Amino acid sequence: MADILGAAAGCGMMVLIMMLIFSFLVQIGVMKKETMAAAGRVFGRCGLFALGIDAAILLIAWVALGWEDVQSMKGLLCHGMFGWLSETAVPVHTFLQVQYMVMALSGLLCYAAFRKNGDEKSAMRGLNLFYLLPGMGIFFLPVSVGFIPLLIAGVLFAFSKYIPAGKLFEKDSGMYILYTGLLFMLVLVLYKLVSGV
Amino acid sequence: MKRKLCTCFMIAALVWLIHDVMLIIGCQAVYGNVTLENMQLLIRERLTMPGDAQRYLQIAGEGYQKEGADAINLVFFPLYPLLMRLLSFGVVDLAAVGMVLSRLCLAGAAVCLYELAKTEGGEQAGWYSVLLFTVYPFSVFTIGVYTESLFLLLSMGCMLAIRKEKMAAAGIIGFLAALTRVQGMLLLFPAVYHVIAGSLSKEKRKISWRDAFVLLIPVGFMVYLAINHSLHGNPFQFLIYEEGEPWYQSTRWIAENISTQYYNALNFKGLEKIIYWPQIILYFLAVSALFYGIKKEVRMEYLLYGGVYVGFTYLSGWMISGGRYMMCCFPLYLVASRMKSEKVKGALLAGSCVFYFMYSLMFLQGYSIM
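Residue numbers (the working numbering), protein chains in the order written: chain A, 1 to 197; chain B, 1001 to 1370.
If we strip away everything but chain A, and leave its shape as in the complex, we get (with noise of 0.2 Å):
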C-alpha cells in the first residue's frame, strides 16, 4: 500500500510537470491545444489503469492473504517472475513509478497510432483494449521486463498507417462483450499472481 501511494505521489507529479510544460508549449504557439488536452487524457486513463488494477491486487490480496501481507508489496509479490524484487535494497515504488511512466509513454505511442485512421473516440476505445490486453496488467507492477508494452506501442506506432483504427474501434455491442471479457481475464490473472505463479 505504501508502495502504490508513493508511486502514484511521484507518477502523479512527474505528470503534473508535463503538463505544465505542455501548457506552456501551447501558450508560445509550438504545441495545439488538442494535443495537449490528448495528452491530459492518455495519462488520465493510464492512471485509472493503474489505480484499478493496484486497487484489484490489494483487494484479492486481502481476500486470499489477509490485511498483513497487503502492506508491504514487496512481501506480496516476491515470488515467481517477482523473486526478484526480495534481492534488491532498492524500494518497490521506485520500480512502480518506472512502469507507470513506461504504460502512460506506451499509452501515448498507442493513441497516436490510432489516431492517424481513426477519430478520438475509436483512438481511446483503441487505447482501453491495448491496456485490457491478456497480461497487459502485469506491466503495471514492478517486472523486469517492464519495457515491453512500449516495444509493443511502438511498433504499433511505426505501422500506423495500416491500420483502420476507425473500423477496428467502431463502437457497438461487441465491443463491451469484449472489454468483459479481457476483465475478467485480467482479473484471472492478478489472482494467479497473488497466489503464488
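For the record, the hints were derived by calculation from the structure and aren't laboratory data.
Warning: the hint list may mix true and false statements.
[To be verified] Computed list of lysine-lysine pairs in DSSO-like fashion (alpha-carbon distance at most 30 Å, straight line):
1. K1204/B with K32/A
2. K1295/B with K32/A
3. K1204/B with K116/A
As the structure is a computational prediction, the values presented were derived from the model and not from experiment.
Following the hints, complete the assembly by docking chain B onto the known chain A.
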C-alpha cells in the same frame, strides 16, 4: 475607491470574526466557561508558546545566536521576527505585537486573495476563496505568532503585482517573501514565466527594464544566506541545523516521503489523524486540484507556483507541519473558486469548516498539531 475600502473592511471583519468565534468555542472547550481572563490565558498559552512561536519570539528579542541552545533558531527566516522587534519599539510585549501583526497580515492576505480570485472569476469567486481560505483546517496558525499570515500576504501580494503588470512591486514584495520563508524564492517561477511566456505568446508582451526587478526575489534568500555566513562562516549553516535535532530534515523524492508518511500513519498512533493522514490527503488533493486547474485553463502563473510549491514542500524528508505549509499554497483556493458545481463547492466549504473547527479546537486543547 470608497466601495473598495468598504469591501476590504468587510473581508477583514469576516476573517477575524470567524477566528474569534473559533477562539470563543475553544475557550469554552478548554476552560468550561468564557471569561476575559480565560480568553487571555488561552491566547497566551496556545498562540504564543507551542512549536515555532517561542523560537520567533527568541529571535525577535535577542536576535540570532552564534552558539548555545538557541543557535539552531537560525533555520527560521528573519523578516517576521524583525518586524515584531521593530513594531514593539522596544517596549511593547513581543508576543502581543506578533499576534497583532499576524492578524493585520491575515486581513491583508485575505484582501489580496479576494482581488486575485475576483480578477479571474468575479465577486462570488472572490468571496468563496476568502471563505475557503479562512476555514482551511489548519488556519488557526494565521492568528498566532507564526509566519503564515505574513508569508501569505507577501506571496499573494507578489502574485497580484505580477497580474497587474507591476513588476517592480512584484520584485520588491517577492524579495520580502523570500526573507520570510524559504518557499518565497519559488515566486521567481511565476514571475519569470510571466515575462518569458508573455513575450513569446500571441500577446507579444514587451519586455521592459522593470521586469529585471523580479531578480530581486532570489536576492531575499541570498540575504538570509549572508546572515548564515556572517554568524557561522557558512552560508548554508541552516541546512546543518535542519539535519539535526529536533527537525532531522532531509531532501528525498516525493514517492519516498509519501511512503514514509504512510508507514508513520500506521506506526505513530495518535498522530496519524492530526499529522500524517492530512499530509497524505492534502498532497493528492492539491495535485488533483492543479490538474483540474490546467483543464479549466486557470492562469498558468498560479498553477506553476502551485506546482513548484507542492513539489518543494513534499520533498521534505521528515515533514510534520505539512498541513500548515499547504495553507500557503494559495493557488488551490483560486482553482476551487473556479469550480462550476455549486454543490461541490458547498460540500468542500462545509467539509473544510468542519475540519477547521475540529483541528483548531484540538490545537487549543494542546494536541500536537504543528
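Verification of the hints:
1. Of the pairs offered as hints, the one joining K1204/B and K32/A holds, with about 18 Å between alpha carbons and a cut-off of 30 Å not exceeded.
2. For the suggested pair K1295/B and K32/A, the alpha carbons sit about 14 Å apart, so the restraint of at most 30 Å is met.
3. Using a Cα cut-off of 30 Å, the hinted pair K1204/B and K116/A is violated, with the two alpha carbons roughly 34 Å apart.
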